[in-house]
Structures are given as structure tokens and as C-alpha cells.
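Participant: Sequence:
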Amino acid sequence: MSQLASTRSSAIDVDGVRIHFCTAGNDDSPVLLLIHGYPEMAIAWRKTVAPLLAAGFRLVMPDLRGAGGSARPQGGYDKRTLAADLAGVLDSLGIETPVTVVGHDIGAMVAYAFARRFPERTARLAILDSVIPGTRMFDEASRDGTKVWHFHFHQAPDLPEALTQGREALYLERYYHDMAFDAAAIDHDTFQTYVRHFAQPGGMRAGFELYRSFAQDIADNRRLQAEQGPLTMPVLALAGAGGRYADRIGPMMEEVATNVSVGVIPGAGHWLAEENPYAVAEALTEFANATQEKTK
5 MSQLASTRSS
15 AIDVDGVRIH
25 FCTAGNDDSP
35 VLLLIHGYPE
45 MAIAWRKTVA
55 PLLAAGFRLV
65 MPDLRGAGGS
75 ARPQGGYDKR
85 TLAADLAGVL
95 DSLGIETPVT
105 VVGHDIGAMV
115 AYAFARRFPE
125 RTARLAILDS
135 VIPGTRMFDE
145 ASRDGTKVWH
155 FHFHQAPDLP
165 EALTQGREAL
175 YLERYYHDMA
185 FDAAAIDHDT
195 FQTYVRHFAQ
205 PGGMRAGFEL
215 YRSFAQDIAD
225 NRRLQAEQGP
235 LTMPVLALAG
245 AGGRYADRIG
255 PMMEEVATNV
265 SVGVIPGAGH
275 WLAEENPYAV
285 AEALTEFANA
295 TQEKTK
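Each residue of the sequence shown is one higher than the last, beginning at 5 in this note's numbering.
These aren't lab readings, by the way, just hints derived from the structure by calculation. Predicted, not measured: the structure shown is a model, and the values here were computed from it. Hints are not guaranteed to be accurate.
What follows is a set of in silico ranges between Cβ atoms, one per label pair, in the way DEER data are often shown [what the hints assert, rightly or not]:
#1 195 to 232: 34 to 42 Å
#2 196 to 258: 38 to 46 Å
#3 187 to 150: 14 to 22 Å
#4 144 to 33: 37 to 45 Å
#5 169 to 233: 41 to 49 Å
#6 156 to 226: 14 to 22 Å
#7 182 to 54: 22 to 30 Å
#8 143 to 233: 14 to 22 Å
#9 98 to 150: 43 to 51 Å
#10 31 to 161: 40 to 48 Å
From the three backbone atoms N, C-alpha and C, an ideal C-beta is built for every residue, glycine too.
Work out the full structure, taking the sequences as your base and the hints as a guide.
Facilitator: Written out as C-alpha cells, the structure reads:
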């Protein structure tokens, strides 16, 4: 995690699973829990660290189970279980007050699951360029085989592992390139780090399991929506101006939350924190500070 400057690296055991994470900032500062997507690791946030620290936040940046320095178990990739992993990280740091939970891509699905499972620990929720299982937008996106072909490919048993083994660099390069507005934003060193980690035994399988759990995620989210009603904490929905969700992510979150604001990140496709990190940091800072003022 040398690419995450000014951070401290740690790992803990959560119910027998090693979860690696990095932290930065002062212990008494308001906390941002930053959750990466697929196929990424905590270093996806590396360009936002400096501006977010300058804004006065404490950052907690985990590698989801299956990614980076975390273990790659056979199961537990449904988003409620991943959310529990991250609650364990907060527990290990002694963080008991509610935090701002920020998730991108698959990490946004985990962030949403965290807000559902641990609403008392979620002061506010930021969803970055993603679709949430159980929403109408997720259903619509899943039917579009050209834009989210990977949803279907990744869920096939065994085949994705067989076809990507030894070709991880080719696969990941096309994945990053096809969803970017600025494909050069993921620099050579970061790309090589991603490839090295995902090429390790179990790396690609663990990533595919995130998608194979979608049926469970849909069932969990719909059940909790029926039981709990919409989320009531402040929600920020961010999308890239050059991506797929800029005009739809707000209505999607309004399906499941009552207090939603929307932002569009210029000069970015899907990889918001990679492509325009300062705009992302500014949006998160304004969101967190505004909602903090409301609660004073």
C-alpha cells in the first residue's frame, strides 16, 4: 500500500477472515469510511487522500475481502457480510460514533448494505457511480447486455476464471479502459499493482464472487426496504459526467432514501476518484460538512 501516502497499514481478523485496511488523519476528526469497487483495492482512493486530509477528515480505507491485502475465502461476498467485515474494522479502531460511509461501484453496494445493517453507525451515505441491487435501475441495467455484459459473465460458474487465467492484465486493462472518460487516469504503477494482486491465487475468483452474490443482495435489500422503509440519513449520489448514470443515479437513490442530493463529477467516467479526485474530494467535503452543520 505504498501508493497510499501518509497512511498507516493494518489488518485484523473478522470472524476468521483477515481484512486489511489503511487509515490516515487525526483520531478525533470526523471519519470517512471509503469503500473501493471492482476491480480495485484501497489504493483507488490514493489521489483523494491529500485533499480529504486537508479538509480535516480521518480516513479509513479497507481492502474488501478478496482484494488487496485481505484474505480470499471461498464465501461471504454478499454485501451484508462485507458490511459486517467493515464494522469489524471500525470496532478495531474504537470508532463508535456514526461515520460518513462512501462507496464506489461494488463498494457502493457494500456502503448501502452497511447503512441498512448498521443505520446507527451511518451518519450519512455517499453512493458513487453504481447501481444498487433491488432497485428498478439495477433491474434495467441488468437487462442491458451491452453496457453491463460483465454482470452476466462474472456470474457464470467457473468460466470467467478459466478464460482470464494468465490473461489478467489484458482483461483488467480493457475493463478500466472501457468504463473511463480518461483512460490514462489509472497510471502504469497502479495498474501493475492491481494486476499483481488479482493474478494471485483466488484473486479473480473472489472478484467474480462479488457478482455471483447479486441474487442474495437483491433479496436482502428488498426485504430490508419492506421492513425498514427508506433510509432517512442524508444521501449523496455522485456520477461521472462521462459515464452511464449521471441522469439516473438520483432517481435510483430516491427509490430507497428520503434525503437525497445529487452531484455530477466533470471530466470523469466510472472511475471517479481516479479520474477527477479533487472534484470528488470537494463534493464529499461539502456533503459531510453540510450535514454536520445540520446536526449541530
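Participant: Each of the hints needs a verdict: does it hold here or not?
Facilitator: To see whether the hints hold, each was checked on the structure:
At roughly 40 Å, the beta carbons of residue 195 and residue 232 sit within the given window of 34 to 42 Å. Checked against the given bound of 38 to 46 Å, the beta carbons of residue 196 and residue 258, roughly 40 Å apart, stay inside it. The beta-carbon spacing between residue 187 and residue 150, approximately 19 Å, falls within the hinted interval of 14 to 22 Å. For residue 144 paired with residue 33, a C-beta distance near 39 Å keeps the hint of 37 to 45 Å intact.
Look at residue 169 against residue 233: about 45 Å separates their beta carbons, and that is inside 41 to 49 Å. Taking 14 to 22 Å as the suggested C-beta distance range, the pair residue 156 and residue 226 conforms, at roughly 21 Å. Remark: the range hint 22 to 30 Å for residue 182 to residue 54 is upheld by a beta-carbon distance near 29 Å. Here the CB-CB span from residue 143 to residue 233 is close to 20 Å, well matched to the stated 14 to 22 Å.
In this structure the hint that residue 98 and residue 150 lie 43 to 51 Å apart at CB holds, the actual value being about 47 Å. The supplied range of 40 to 48 Å is met by residue 31 and residue 161, whose beta-carbon atoms lie about 45 Å from each other.
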